[in-house]
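Colleague: Take a look at the letters that make up each chain.
2 protein chains.
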Amino acid sequence: MDIVTATQGFSAMGSEPRMEVLQTLVKAGKEGLLVGDIQQRTGIPASTLAHHLKFLASAGLVCADKKGRTITNRANFDHLESLAAFILEECCADMETTT
Amino acid sequence: MDIVTATQGFSAMGSEPRMEVLQTLVKAGKEGLLVGDIQQRTGIPASTLAHHLKFLASAGLVCADKKGRTITNRANFDHLESLAAFILEECCADMETTT
DNA sequence: CGTATATTTCTATAAATCTAGAAACATCGA
DNA sequence: TCGATGTTTCTAGATTTATAGAAATATACG
Numbered sequence: 025m026d027i028v029t030a031t032q033g034f035s036a037m038g039s040e041p042r043m044e045v046l047q048t049l050v051k052a053g054k055e056g057l058l059v060g061d062i063q064q065r066t067g068i069p070a071s072t073l074a075h076h077l078k079f080l081a082s083a084g085l086v087c088a089d090k091k092g093r094t095i096t097n098r099a100n101f102d103h104l105e106s107l108a109a110f111i112l113e114e115c116c117a118d119m120e121t122t123t
Numbered sequence: 025m026d027i028v029t030a031t032q033g034f035s036a037m038g039s040e041p042r043m044e045v046l047q048t049l050v051k052a053g054k055e056g057l058l059v060g061d062i063q064q065r066t067g068i069p070a071s072t073l074a075h076h077l078k079f080l081a082s083a084g085l086v087c088a089d090k091k092g093r094t095i096t097n098r099a100n101f102d103h104l105e106s107l108a109a110f111i112l113e114e115c116c117a118d119m120e121t122t123t
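Sequence lines, in order, name chains A and B. Mapping of the first sequence onto the numbering used here: residues 25 to 123, in sequence order. Mapping of the second sequence onto the numbering used here: residues 25 to 123, in sequence order.
Among these hints, one or two may not hold up.
What the hints assert, rightly or not - Heads up, incomplete: computed chain A residues facing chain B, CB under 10 angstroms, no partners named:
# : residue
1 : L58
2 : D89
3 : I95
4 : A109
As the list claims (entries may be wrong) - Which stretches of chain A does chain B cover? Using the computed rule of at least three CB atoms under 8 angstroms from a CB of chain B, they are:
# : segment
5 : 26-32
6 : 44-55
Don't read these hints as lab results, they were simulated from the structure. For every residue, glycine included, the Cβ atom is placed at its ideal position computed from N, Cα and C.
Using the sequences provided together with the hints, build the complete structure.
Modeller: Structural data, given as structure tokens:
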């Protein structure tokens, strides 16, 4: 994971409504949720929600899967794990003694 | 860790120069670095760096320790770990069957 | 005291983001 | 085909953030 990708991911997580959406999807698990479901659970207006979902998707945190009239959104668990790992990835790298 | 704190943390990580600063401090380990050291390693102008360090500190990601003329900055490793853990904290909570 | 050093605060401009109503678009069912 | 449903795109004003030069502050040293 490079720094640009990581930064985009964290930036996407750096807004309360967006984090709320993401957590709703993380809680929902791999089945995902329809946009309408998310809207119901979060109370975010449709257009605002669409905006945030696009932001989350373009950061790779969420995947959207259109089927008929509805769109299923799912958290991208692999990517989320990588981001979590990135935070302390290079911890203390500069402290290493000449081993 | 509540959602507001987490969001502030991720927001602070959601900018490339700031993430670069944070990583520089994470690499440096618990000894930390002087503002001037960070400036040298990142090439960020002093006033811009001060701005970002304040942002990082107010999000709890970094601690500043003034001593004489210099200020030592350290990554707040505990907080960073909590943030990393937060991302998938409630993973699949809504999928649980009636156990 | 006066000067050099380390860092911040002030300031201003440019750019990005947030929010949400309204309109548009696509798909399904009758 | 027509109306209902689910979701997006358009739009625009308000707010936040980014950047960095210049001035200010604080401490140390001679």
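Colleague: Does each hint fit the structure? Answer for all of them.
Modeller: Consistency of the hints with the structure:
1. L58: violated, 14 angstroms
2. D89: At about 18 angstroms, which exceeds the 10 angstroms cut-off, the nearest Cβ of chain B leaves the hint on D89(A) violated.
3. I95: violated, 19 angstroms
4. A109: holds, 7 angstroms
5. 26-32: holds (count 5)
6. 44-55: holds (count 8)
Figure legend: structure checked against the earlier numbered hints; hints not met, in rising order: 1, 2 and 3.
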